[in-house]
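For the record, the sequence lines run as chains A and B. Residues in the first sequence are numbered consecutively from 1, following this note's numbering. Residues in the second sequence are numbered consecutively from 1, following this note's numbering.
Derived from the structure by calculation, the hints contain no laboratory data. These figures come from a predicted structure and were not determined experimentally. It is possible that part of the hints are untrue.
Unchecked claim - Per the computed footprint, the stretches of chain B lying under chain A, defined by three or more beta-carbons under 8 Å from a beta-carbon of chain A, are:
| hint | segment |
| --- | --- |
| 1 | 8-22 |
| 2 | 35-45 |
| 3 | 48-62 |
Glycine included, C-beta positions come from ideal geometry on N, C-alpha and C.
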Amino acid sequence: MSGLTPLIALGQAAAPASRTPLVVICLYMCLLFALGLISSRLFRGSSKDFFVASQSIGPFMLLMSVFGTTMTAFALVGSTGKAFSLGIGTYGLMASSSGLIHAACFFLVGIRMWSFGKKYGYVTQIQFFRDRFESKGVGYLMFPILVGLIIPYLLVGLMGAGKYIFGVTVGMFPGTFAAGAIPEWLSGLVICVVVLFYVFFGGVRSAAWANTFQTIVFMIMGLVGFYVIADALGGPAAASEKALANAPEKLSREGLMTPAHFMSYMLVPLSVGMFPHLFQHWLTARSAKSFRLTVIAHPICIMIVWVPCILIGIWAAGLYEAKELVVPPPNGDPNPNAVLSAMVKTFMNSSPLLIGLFSAGVLAAIMSSLDSQFVCIGSMFTNDFVVPLKGEVSDRQKVWLGRGFIVLIVLITYAISIFKPQNVFNLGVWCFSGFSALFPIAFAAVYWKRVTKAGVIASVIATAVTWSLFIYDALGREVGEQWFGVKEHGEYLIAGVMPVTFICLASVVALVGVSLATRPPSRDTIDKFFPANG
Amino acid sequence: MKKVVFGLIILLAVIHQDVWWWDDNSLVFGFMPLGLFYHALYSCMAAGVWAMAVKWAWPSDIERWAESADEPGGGQ
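Turn these sequences into a full structure, and let the hints guide you.
Here you go:
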């Protein structure tokens, strides 16, 4: 709270800041309500339509919904903050590697998963795994693990939105809220309600529509915002020169990361191959050809969003060192999550309308991930937990069960978001690390005939144990008393590399070792998933 | 051609580790740090290689199998 003191003083002492940005944000939310209503009219009432949009999504909407789903607070708020702390290397850590790895996951795994979904009628990832590994138990084991990993991902979105809105609304309501800013709990609540509204009525079809619209909004507004900030700084060359003069280390990687650390980050984007919400988007594709545009354009879309964010982050570092930018300090150090909002607030100040539009773009990026994750969670609960346990469930009941569980998980996530603030980028990386370590299971499922149920169970357990152990060591123990790793430049590293390296290693060793030591799957299963012509 | 495409994908994975200008903070076009410029270019190269993969290594057999009419439905 001490870090808020200067802001509180500012919010109470100064005249109220213009509320135009907030009005624009509210109008944007109303637009989403309207979009939700329109897309829900297209809802056909069946569970297949609610969960996979009756496999009717074409190439452009697939690209927009897949890209929008993978870009969240992590990409905008997180990347700017990380570039502020760790410099330009942030782009190589996550963005350029994702251009290669994400597209590889879509091409090598996504198309095959889509083909099985199309052929055998799967709606969720776990349905596929249960059949492929001949075990209902695998489904029951994976369900809590996947839901448990999605919750931090949802938290990334809610917390990123809360921090951002707090930053841009400072001084708007002096005397009403601390620092005169919209509190994080209120932003989170509004976002949850809006996203829940359109997802509740239209399912994944509404999510795909909203994602397409919101992805276009955040890409355009991101570029406009970048142009305006650069212009206010005297042009991109002047801004970069200032960064070079005041924070030269942020323009290279020397001293901020090592090649081993950098290389180990390449494992993190593997997570998209195992994201259940992305699997669900794959299944919405009308045909395999719909994937073509996504595979090719995804690296370019990432570049369009991330390069401006990284530049804004290093410019902010230069300005901060030159004492021309105030970034709220939570514990003595500047808060990386607040860097983007500080830059927007400082350098778009002449146009509150533009601040509002840019902020709508940031929220669009965040909400375009939340909606898919909400639908996915409802889908998993219904199809992977209730249906296998209960047996006969009507189509209508499936839709309502899905909706009910979505509401429950949103409530839980919202409650956690209020009480557990963390660095958005780091929390995202922990969540992705867990999914990355499970990726070998997805890969083996479509390429390795010899993988067995026991191997998969061993791999899931190895992932869960190592992930829990490392996250406890990193976040639950004091610096200097950690068992495995050390904190360097704000990152928890083990033997100089990201923990994901060891979590993946444990997962692969368990998967391969136990599979080879146990009985191979039946001939029927092999024939089903490895057709001679496929 | 398929082998060439997969070779290029492996090459991309290797050249991602650009240690050769690790400590170089010079600016390209007056505003873009060299390391960032390289990786932005890398994103474009990745898109190019994936376009080649779509053209020459597309899994048409899988697509045909999935869209064939036999054995529909079946998920639990």
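Against the structure, the hints come out as follows:
1. 8-22: holds (count 9)
2. 35-45: It holds: at least three residues are needed, and the segment 35-45 of chain B offers 7 whose Cβ sits within less than 8 Å of chain A.
3. 48-62: Coverage by chain A holds for the segment 48-62 of chain B (8 residues, Cβ < 8 Å).
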